[in-house]
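Visitor: With the hints as constraints, model all of the structure from the sequences given.
Mapping of the sequence shown onto the working numbering: residues 3 to 242, in sequence order.
For the record, the hints were derived by calculation from the structure and aren't laboratory data. All residues carry an ideal CB built from backbone N, CA and C; glycine is no exception. There's no promise every hint is true.
Claimed, not checked - Restricting the straight-line Cα-Cα distance to at most 27 angstroms, the calculated cross-link-like pairs of lysine-lysine (DSS-like) are: (1) Lys137 to Lys173; (2) Lys40 to Lys173; (3) Lys137 to Lys126; (4) Lys27 to Lys137; (5) Lys137 to Lys28; (6) Lys137 to Lys125; (7) Lys173 to Lys126; (8) Lys40 to Lys28; (9) Lys125 to Lys173.
What the hints assert, rightly or not - Restraint-style ranges between C-beta atoms, simulated for each label pair: (10) Arg56 to Gly31: 31 to 39 angstroms; (11) Ala55 to Lys166: 39 to 47 angstroms; (12) Pro151 to Arg119: 22 to 30 angstroms; (13) Ala4 to Glu211: 33 to 41 angstroms; (14) Arg84 to Lys167: 39 to 47 angstroms; (15) Pro151 to Ala122: 18 to 26 angstroms; (16) Gln8 to Thr242: 16 to 24 angstroms; (17) Phe133 to Arg160: 25 to 33 angstroms; (18) Asp184 to Pro51: 35 to 43 angstroms; (19) Tyr208 to Gln6: 41 to 49 angstroms; (20) Pro190 to Val107: 21 to 29 angstroms; (21) Lys28 to Thr242: 18 to 26 angstroms; (22) Val10 to Glu159: 46 to 54 angstroms; (23) Lys40 to Asp90: 20 to 28 angstroms.
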Amino acid sequence: MAEQYQAVVIGSGFGGAINACRLSKKWPGEVLVLERGKRYPMGSFPRSPHDVARNFWNVQSEARAGQTTATSEESHGMFDVRSFDHLDVVICAGLGGGSLIYANVFLEPPEEVFDDRWPATCKKTDLAPYFGVAKRVLGARPVPQNDDPRRRIVRTERFQEAAKKLGRSSKLTDINVFFGNDFHSPLPIGEQDRNHYGALQTSCVYCAECDLGCNTHSKNTLDLNYLYVAENRYRSDVRT
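Guide: Here is the structure:
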């Protein structure tokens, strides 16, 4: 570890990863990224009930009064459950932060979200260009509809039918999932290729295990884009 850096980024979730990428571009080789969790290479996310139960962040010195955890043993796993008076929150410890366990959905908030409680500089019109940048980097797109009958999702069809009967319109949501680099010519299910940044990914296999960590790296998590660029192109020092 170097003795001096131009910037130190603590955490590697959406805020940390984007800042790490931008700062590393400005100061190549002079940015340190610190993540309390570990790296999760392809195929390394736990799946058995026993292993998942042990994959919680359970550090006794950090526990709040009355907080319960999945295991009494101290552990440094991925799922960190924080309990508050009227709210429970699941956050993530791992390179990529919450992107490792979120549901991949990319939604732009409507105009009415940005009411007068937000600062004047945080309005939809001001942020619009940055939504576009994030969408490109995260590879947000709908599920392909044109190349393989196995991509048919029955529950989606039922929802569309229900919306039509109610006289409402519906559309497929953009999701941050890898189906290959060409939107119009998706990579066959299960085939691998490197994404635009050089990270190896698998065209989504539709296993529906996104929230447990994607073992095929089909999910466009931050370690495969923003952090990958920061570390591999701009030589940031990433410590986990």
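Visitor: Evaluate each hint against the coordinates.
Guide: Taking the hints in turn, this is what the structure says about them:
1. For the hint linking Lys137 to Lys173, the alpha-carbon distance of about 17 angstroms falls within 27 angstroms, and the restraint holds.
2. A C-alpha spacing of about 37 angstroms is found between Lys40 and Lys173, which places the hinted pair above 27 angstroms, so the restraint is violated.
3. Annotation: proposed proximity of Lys137 to Lys126 holds, straight-line Cα distance about 15 angstroms (limit 27 angstroms).
4. A distance of roughly 19 angstroms separates the Cα atoms of Lys27 and Lys137; the hinted pair therefore holds under the 27 angstroms criterion.
5. Taking the CA atoms of Lys137 and Lys28, the gap is about 22 angstroms. The hint holds against a cut of 27 angstroms.
6. Note on Lys137 and Lys125: the hinted pairing holds, with a Cα-Cα distance of about 18 angstroms set against a maximum of 27 angstroms.
7. For the suggested pair Lys173 and Lys126, the alpha carbons sit about 21 angstroms apart, so the restraint of at most 27 angstroms is met.
8. Under the criterion of a C-alpha separation no larger than 27 angstroms, the hint pairing Lys40 with Lys28 is consistent with the structure, at around 26 angstroms.
9. Only pairs whose Cα atoms come within 27 angstroms are accepted, and Lys125 paired with Lys173 is accepted, the gap being roughly 25 angstroms.
10. At about 37 angstroms, the CB distance of Arg56 to Gly31 agrees with the hint of 31 to 39 angstroms.
11. Range check, Ala55 to Lys166: about 43 angstroms between beta-carbon atoms, so the 39 to 47 angstroms window is met.
12. Our hint of 22 to 30 angstroms for Pro151 and Arg119 is violated, since their Cβ atoms are close to 47 angstroms apart.
13. Distance hint for Ala4 and Glu211: a CB-CB separation of about 38 angstroms, consistent with the stated range 33 to 41 angstroms.
14. One distance hint, 39 to 47 angstroms for the beta-carbon pair Arg84 and Lys167, holds here, with the actual separation near 41 angstroms.
15. One distance hint, 18 to 26 angstroms for the beta-carbon pair Pro151 and Ala122, is violated here, with the actual separation near 50 angstroms.
16. Between Gln8 and Thr242 the beta carbon distance is about 21 angstroms. The supplied range of 16 to 24 angstroms therefore holds.
17. For the pair Phe133 and Arg160, the beta carbons lie near 30 angstroms from each other, so the given range of 25 to 33 angstroms is met.
18. Checked against the hint of 35 to 43 angstroms, the C-beta distance between Asp184 and Pro51 comes to roughly 39 angstroms, which is consistent with it.
19. At roughly 47 angstroms, the beta-carbon separation of Tyr208 and Gln6 lies within the given 41 to 49 angstroms, and the hint holds.
20. Take Pro190 and Val107: their Cβ atoms lie about 24 angstroms apart, and the range 21 to 29 angstroms holds.
21. Checking the proposed 18 to 26 angstroms range against Lys28 and Thr242 shows it holds: the Cβ atoms sit about 23 angstroms from each other.
22. Between Val10 and Glu159 the CB atoms are about 49 angstroms apart, so this pair conforms to the stated range of 46 to 54 angstroms.
23. As the Cβ distance of Lys40 to Asp90 is approximately 24 angstroms, the hint placing it in 20 to 28 angstroms holds.
Violated hints, in rising order: 2, 12, 15; the structure is consistent with all others.
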